[in-house]
Amino acid sequence: MKKNDMTVLIGGDAGQGIQSTGKGFIQSLTKAGLFPFGRQDYRSRIRGGHNFFEIRISEKQIYTHTDGVDLLVALTEESVEKHLDEIVPGGGVLYNEDFDIDSDTFEGRDVKAFPVPFTTIATDEGGAKVMANTAAIGAVAGLTEFDASYINSIIKKNFAVKGDSVVENNVKVAEAGKEYVESKGYEFDYELSEQPETPDRMVIDGNQAFALGAVTGGCNFISAYPMTPSTSILEWITKHSAELDVVIKQPESELAAINMAIGAGHAGARSLVTTSGGGFSLMVEALGLAGMTETPVVIAEVQRPGPSTGLPTRTSQGDMSSVVFASQGDSPRLVLAPATIEEAFEAGKRAFNLAERYQMPVIVLSDQHLADSIRAVHPDEFDTTVEIDRGELMSEEELEGLEGNYLRHEFTESGISPRAIPGNKNAVYKTTGNEHDERGDITEDPELRTRMMDKRMRKEDTALEAEFDGPVLYGPDEADLTFIGWGSTYGAIREAVDRLNENGNRANFYHFDEIWPFKAGEVKNLLESSRRTVLVENNFSGQLASLITRETGAETPDRILKYDGRPFTPETILGEVSDSEEVE
Amino acid sequence: MTEEVSLSDYQYPTEPTWCPGCGDFAILRSVKASMTDMGLAPHESLIVTGIGCGSKLPHYMNVNGFHSIHGRPVAVATGAKLANPDMNVVVTAGDGDSYGIGGNHFLHACRRNIGITQIVEDNRVYGLTKGQYSPTSHKGFVTKTSPEGAIEPPVRPVPTALTSGATFIARAFSGQVKQMTEIFARAMAHEGYALVDVLQPCVTFNPGRSYDFYTDLVYDLDEDYDPTDREAAEEKAKEWGDSIPLGVIYEEDRPTYEEQVPALSEGPVVKRSLDPEERSGVDLEEIKRSFI
Chain A
770 MKKNDMTVLI
780 GGDAGQGIQS
790 TGKGFIQSLT
800 KAGLFPFGRQ
810 DYRSRIRGGH
820 NFFEIRISEK
830 QIYTHTDGVD
840 LLVALTEESV
850 EKHLDEIVPG
860 GGVLYNEDFD
870 IDSDTFEGRD
880 VKAFPVPFTT
890 IATDEGGAKV
900 MANTAAIGAV
910 AGLTEFDASY
920 INSIIKKNFA
930 VKGDSVVENN
940 VKVAEAGKEY
950 VESKGYEFDY
960 ELSEQPETPD
970 RMVIDGNQAF
980 ALGAVTGGCN
990 FISAYPMTPS
1000 TSILEWITKH
1010 SAELDVVIKQ
1020 PESELAAINM
1030 AIGAGHAGAR
1040 SLVTTSGGGF
1050 SLMVEALGLA
1060 GMTETPVVIA
1070 EVQRPGPSTG
1080 LPTRTSQGDM
1090 SSVVFASQGD
1100 SPRLVLAPAT
1110 IEEAFEAGKR
1120 AFNLAERYQM
1130 PVIVLSDQHL
1140 ADSIRAVHPD
1150 EFDTTVEIDR
1160 GELMSEEELE
1170 GLEGNYLRHE
1180 FTESGISPRA
1190 IPGNKNAVYK
1200 TTGNEHDERG
1210 DITEDPELRT
1220 RMMDKRMRKE
1230 DTALEAEFDG
1240 PVLYGPDEAD
1250 LTFIGWGSTY
1260 GAIREAVDRL
1270 NENGNRANFY
1280 HFDEIWPFKA
1290 GEVKNLLESS
1300 RRTVLVENNF
1310 SGQLASLITR
1320 ETGAETPDRI
1330 LKYDGRPFTP
1340 ETILGEVSDS
1350 EEVE
Chain B
19 MTEEVSLSDY
29 QYPTEPTWCP
39 GCGDFAILRS
49 VKASMTDMGL
59 APHESLIVTG
69 IGCGSKLPHY
79 MNVNGFHSIH
89 GRPVAVATGA
99 KLANPDMNVV
109 VTAGDGDSYG
119 IGGNHFLHAC
129 RRNIGITQIV
139 EDNRVYGLTK
149 GQYSPTSHKG
159 FVTKTSPEGA
169 IEPPVRPVPT
179 ALTSGATFIA
189 RAFSGQVKQM
199 TEIFARAMAH
209 EGYALVDVLQ
219 PCVTFNPGRS
229 YDFYTDLVYD
239 LDEDYDPTDR
249 EAAEEKAKEW
259 GDSIPLGVIY
269 EEDRPTYEEQ
279 VPALSEGPVV
289 KRSLDPEERS
299 GVDLEEIKRS
309 FI
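Residue numbers (this note's numbering), protein chains in the order written: chain A, 770 to 1353; chain B, 19 to 310.
Treat the hints as calculated values from the structure; they're not laboratory data.
Even glycine gets a Cβ: it sits at the ideal position worked out from N, Cα and C.
Where hints are given, some of them may not hold.
To be verified - Covered stretches of chain B (in silico footprint by chain A; criterion: 3 or more residues with CB under 8 Å from a CB of chain A, positions within the stretch not fixed):
id, segment
1, 71-78
2, 85-93
3, 278-288
Make the full structure from the sequences, and use the hints.
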């Protein structure tokens, strides 16, 4: 009997409610004190086409999905075909009894077949076949002896807005699904049970966590053009905009989005732009404008595989080089790369202070895997106490005491100039994307130009020194095998490290949650003190690896790269290192 | 507007780099004069510009200026206005900025009715890049990039603005400074988006569209012309070529975009606390609980 350790995969067509079913199940598991990790796999279309929602369940916090499915919940025949090979020995398939599948489908496989008349149950008990997915979740509870009250309470919560009869019908359908499985006497060696402790935990994904962090950090303006997989940040903030007093603008293009955010940032707002790689490419000219005019703005770039439209609903880490180096000319920026849902919240909260302190764009680099993955997180993990720090922003008193010409781009040791928000009579000023003097007037003077470039770029050094800590270590200080990664590969790498160490190896892992400017000294030291380093990245060229070499001179030849649009699992990583001499 | 404002408040030491005779001089004068006439002090306005000769305008007067990139001043201005609706936000940019590379922003600003004033320095040529045809160049215009004459007919800003939903549309001529100043003041006083297309000679690169050329064609709208009459405006908007009307062609009272934004109902976001709990009394812990 496997207890509280399994992966359930719910497969079906777009439009069948795969996402809401999966999320509802995650909420139920969370209520029972379990730790689910859910991820979505969907396509760029509204109806039709195979989608799935994969939920791995554990008694402790987990950060990744793994290879292998213990229970496939197939809402379409195609789901059976697509995922049958993923089912582990002893696993099972719950499927609609009405499916037209070959009688020999399960022959020769150690897979248990659990046919259930989802549609009939939905129609008979609920009066509508759309509730087939609810019947399926009830059946999952029946097979795993999971307490149905957790399913029912989530049905009540999620369907409350649709009225009492919808709630009642869904509860009936879920219970009938469970009872059907029990009446059939299906045997399945898995159990999901309530945990001794069931504290209230949030069920939240990476985009929502970032959005919550952003509004905690004082974001009061967002302009964004919808682009998968970033859109749910815009949607979440929009949903809460009235209560949070955030100005929302969905403009005519990404060009408009970034330039509006720059205008708002200049006027004193804490502005945010959300996009993916294609939108970011459109925004690049304005990124330089923000750098040149020293305007704070936060850009969330939620990556998907490029180039061009690429794989619009899938995951990639292919935009690091783009965001670090984009712009004609050298232009300052800070780049953060949260790896987990908790880090996504922190990055959202932190980015706005950084943008105002250093008066430059801050890019938060995320990706579809982080954006759409869901976990149970205790509310205390998200600290909503916030110290708003606007850096060198001049107070009303300072502005009142200002004499002579206000120098918006005044030369300072740190590179950061006292900043006035336009509107005060003592600080009437210009700024421009042209090279300018301290006052913001256009200049062509070579010496001024050089000093102004130095000043702007010096702010990166100031930020690097004051703000960045270098890569974050997971695992023991000393190891034979050191993994290096960034962003959403975190979960897979972390678990690979855990498994290696459980098997008597010595592995550890550094993840880069701050990408630019680069902690070259620290990185060089860690590379030199590591016996063997392996870079793990979800892109073609090894973009962090290239950046490390560029910044430290150290070669990083060992790379595990993947660019099929799908996230890593621990097994993929372990498979790649299993032959190496460091691994037993 | 507690203190008296005078034209000298807008003086700035930098000399314009425009060619002698450039229409931009008159536009600069009218911008300063209209703001003075309205009693606006320099710190109460933000002039956002793109790239081009005319986009250097804020560098030649004492005013808040954001000299942005080509095509984007309307977007930058829109963001600034949404962050701080108390600010008088004005765009001055050329015809390439406004109707070419930035044409999409122009269309959407019209229908959006965002409370900015867009003054287009419409010289119908690319001047700063030294003489290529622009979106408003006449068909057949011979330039370095149209040696056989421009093939496309020009963009028609006034009818385009009208059909796109602009609530204030005017045409001015930089040869008539007094009228232009009055139009600018009316445009800035207008609640909502205002377009002022200014016929402005580029004496160096479009000498065919000179002061004399326009003087022969332009006429002032009658005193009894009613810009709130949509049908009349549609007729006037069509007039182009042999006779070109000057003045406020269309004016409509419609709620602005910014006054319909819920987050701005309590005033500009830039004048409120950044701490969300102080700002709106919202409890972030409560929002966190909504995820449970």
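Comparing the hints with the structure gives:
1. 71-78: Result for this restraint: holds, n = 3.
2. 85-93: holds (count 6)
3. 278-288: holds (count 7)
When the structure is compared with the earlier hints, no violation turns up for any of them.
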